[in-house]
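This is what each chain is made of:
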Amino acid sequence: MSTVYNLKQEVEKPERLTGGHRLCAGCGAGIVVSGVLRALDKEDRAVVVNATSCLEVSTFMYPYTAYMDSYIHSAFENSAATCSGVEAAYNALKRRGKVEGTVKFITFAGDGGTYDIGLQSLSGAMERGHDMVYVCYDNEAYMNTGIQRSSATPPFARTTTTPVGSVGQGKKQNKKDLTEILVAHHIPYVAQTAPIGNFKDLHTRAYNAIYTEGPCFLNVLSPCPRGWDYPAARLAEIIKLAVDTCVWPLFEVEEGVWRLSYTPKKKLPVVDFLRPQGRFRHMFQKGNEWMIEEAQASVDQKWERLLERTGA
Amino acid sequence: MICAKDINERTPWQDLTPGGEIYEPGTARAFNTGAWRTHTPVFHPETCKHCMLCVPFCPDNAIPVKDGKRLDFNYMHCKGCGICENVCPFPAITMVSGGVAR
Amino acid sequence: MATNDMVEIRWHGRGGQGAKSACLLLADVAGLEGKFVQGFPEYGPERMGAPITAYNRISEKRCTVHSNIYYPDYVVVVDETLLESVDVTGGLKEGGAIIINTPSSPREMRERLAGWTGKVCTIDARRISEENLGANFPNTPMLAAAVKVSGVLETGRFLADMEESFKHKFASKPQVIEGNMATLKKSMDEVQVG
Amino acid sequence: MSNRLTGNEAVAYAMKQVNPDVMGAFPITPSTEIPEYFASYVANGEVNTEYVTVESEHSSMSVCLAAQAAGARSVCATSSCGLALMYELLYVAASCRLPVTLACVNRALSGPININNDHSDSMGARDTGWIQIYAENNQEAYDNFLMAMPIGETPSVRLPVMTCMDGFITSHAVENIDLLETDVVRKFIGEYNPENYLLKKENPLAVGPYDVSPYYMEHKVQEAEAMKAAKARILEVAAEFANISGRRYGLFEEYRMEDAQLALVLIGSSAGTAKAAVDKLREDGIKAGLVKIRVFRPFPGEELALALANTRAVAVMDKSEGFSANGGPLFAETRSALYDLKERPYLIDIVYGLGGRDIKVEDFEKVFGRLADIAVTGETGPVYTHMGQRSKEEIA
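Those protein sequence lines, which keep their order, are chains A, B, C and D. Quick note, the first sequence lines up with residues 562 to 873 if you use this note's numbering. Quick note, the second sequence lines up with residues 40 to 141 if you use this note's numbering. Quick note, the third sequence lines up with residues 808 to 1001 if you use this note's numbering. Quick note, the fourth sequence lines up with residues 104 to 499 if you use this note's numbering.
Treat the hints with care, since some could be wrong.
[Claimed, not checked] Computed list of lysine-lysine pairs in PhoX-like fashion (alpha-carbon distance at most 20 Å, straight line):
#	chain 1	residue 1	chain 2	residue 2
1	D	Lys303	A	Lys603
2	A	Lys659	D	Lys290
3	C	Lys900	D	Lys463
4	D	Lys303	A	Lys655
5	D	Lys383	D	Lys290
6	B	Lys88	A	Lys569
7	C	Lys842	C	Lys868
8	C	Lys926	C	Lys900
9	D	Lys383	A	Lys659
10	D	Lys383	C	Lys868
11	D	Lys383	A	Lys655
12	A	Lys603	B	Lys105
13	A	Lys659	D	Lys303
14	A	Lys659	A	Lys761
These aren't lab readings, by the way, just hints derived from the structure by calculation. Being a predicted model, the structure only gives us computed values, none of them experimental.
Please construct the entire structure, taking both the sequences and the accompanying hints into account.
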């Protein structure tokens, strides 16, 4: 499945996430959600499902919805089940001749709502095989409640629940590999992507996910200027560094076949990604060199494994 | 049908939509987030090559596009994050201090 | 609390033996014959082999009582090994009867029911079942014996209704119907009252 | 049509006749049989419901409320811990005004874990904004389930409905039942055609906003008003139901209350057992009666006060412990309802039947005995007590 990507045409499509929402200035989530929804064909309708999150409280604050499509938010931990219910209703009503046209079902949830509290609901929905896309916008912590660690928070990152003190030095644990967990569900399409460059990767992965029948999953890196502690204007650069250091590799797994969707021209050292972000500042203090070494070793190991899997 | 434009903080309970439903698309467009700006992007159409790289990077969908051309910012929604200035390969966008659009 | 025209039956069995099914089936058939019925098991998390209890109320009037049965008119014991662990005659009314699945005679069984002076009925449900159904399904013979001994249903009508029910249940394997009907009749003939 | 079914079979059969658009299914004792029976209807093509076998009750309620928002009629069944796991979503369904129908097969709630009947599960959910209707037997379980949709889906109500029956005692007991013909049922419940739904082509719908305080309270008032409006609608639907079934229902059932001086107020299957006690006492010339609460939410406070106005002594029988240290939930409601009476009967609360503790006709006779003493002496003694538990006092 592929589509000829043309940025100029794409940006001329009517927006599906409007301005006037209340995400922070420079929030990655707004960019990710607009980017994914842009992949919908113009004539197709969608129902957007949302877990409780920054995105939810900002994009549907009564009476202001920022969605051009139907939208439902129910709770934090159940967005995949909520989407299952909408999809089930669609099947039932379609069968009974009570609904017309094509409707697509797209869920957005943060890493807290996906990696952690919503994982059971997500796993269930994927296993049952609903025709839906689940998009995790991964900003690597519970940002809605004010930057608490999640299982998506990378090691050593400072959050309000993994503070840097005289003994504690940020998060002690690894980042859960959620994308792999989703691959293990043997669903038709899984991809890890991010908004970079001309958005071709995000757009193509989103298009594939939306127009592949069955349950599909996108994990999208979505920087949070506040939580990651960098100047909001540098978002594009931060994402590019995540990708070029291989901290956040871009790949897709279609019907079990792994494919690398982006190979950095030159693999940059992890410090290039860490240095601009306040959440990693303590890693650069004297005596903490081991943290950077560990971070680099971990990224290298995962990258090598991905290269093996993708046959690249 | 109760419309979002008729709902405000003085609306009595009888006139609100049940359960907080909204029956229209994109009612958030009526909300002014431009007031949040402390910095403001300035568009220089003369140097813009309409490559569109800034458009998808705008978290607020505040860069309108029409007939292959990007237009001036929608200052009602632009929060002044400055991402667009950074991604612009040309000097077509510059950030200036202050929230007022010029 | 039974009124005069109400028959209350208590079933003792082991999980998996079909005592509950027999109890529910009796309620169904009695209901079909125009009686007001209740059939309900006493539930716990027990698994195969654990002692279970089930109850029937059969009456000409609707019974609203939803408690367990403490003073049954009849007790049906689907597995005689239960006599060692369960007070099967507890609360059983003097004028009532206990019906036990056993190859032994009523006289032999009475010796094992210390203090019980009422009727003791026996039936070798295992043998009848094995001979007619090819396997040990004691619930069908026990149901027949309970109907016969209690007289709660008219025998001819009971057999006719059961045949209808089997025809429905075993529509795809009619050969089973014959075996089940033979089991019922044989059980009614063979149940010993002592 | 006359039949014999267990309560679970009866509710599953009602669901089959309804042929809902969506069912969320997850097993929990003693409600498990409902999705099992329904699965066989699906497997045999007797319904064309979208049957969603979720991975938890939490997801079951999530699926149902979302399906309802999408424009579908959805149903599910649960018990005990399953209902507890749904707790947050019960509020969401009610506050988003999504009339899901849930069959709650009442079971004690942990811990310790226990699978038998009491009302602690649904009583714990009494303030979630759901209409709650309780059944005494399989017939009422069936009838209540059918009435749930015309009640909940009415535009002036738009609230989810929980129909409750006693686990095992009703759910697993075979009793006689009169079933309606399916075409009669279909006509009675009608189609679910909400004005706005997610899949509607003409306009999008946004559901489940972040509600800031300038709006939240107004939305809660709407919900509270809907619950008030439900009372009249419940009676209206009951009248319509009487026309097709001949069976009449109110907000509660008064049994031999016309001149009763001693009365019980209780819920569910034990009301049937208590009726036998009332009959027995009446034979002895004692003016006993009972009120069986059918609709607990909305609570029929004014009507109940009227029904009890001429009694001398009343025992409220709670089949759940509220741990308020001041009596169970039914007692709290009843006592509050009686406050406005000029002359109030003496009132006591008896918590009974927890975790499947059986209650017999004789037990109710004892309660009436206590009421008779209170009526004579004017001394209630301890107002809030438990019944049926072993205690040192009793053994000595």
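Let me make sure I understand: some of the numbered hints might not hold for this structure. Which ones are they, in numerical order?
Violated hints (numbers, rising): 5, 9, 11, 14; every other hint is consistent with the structure.
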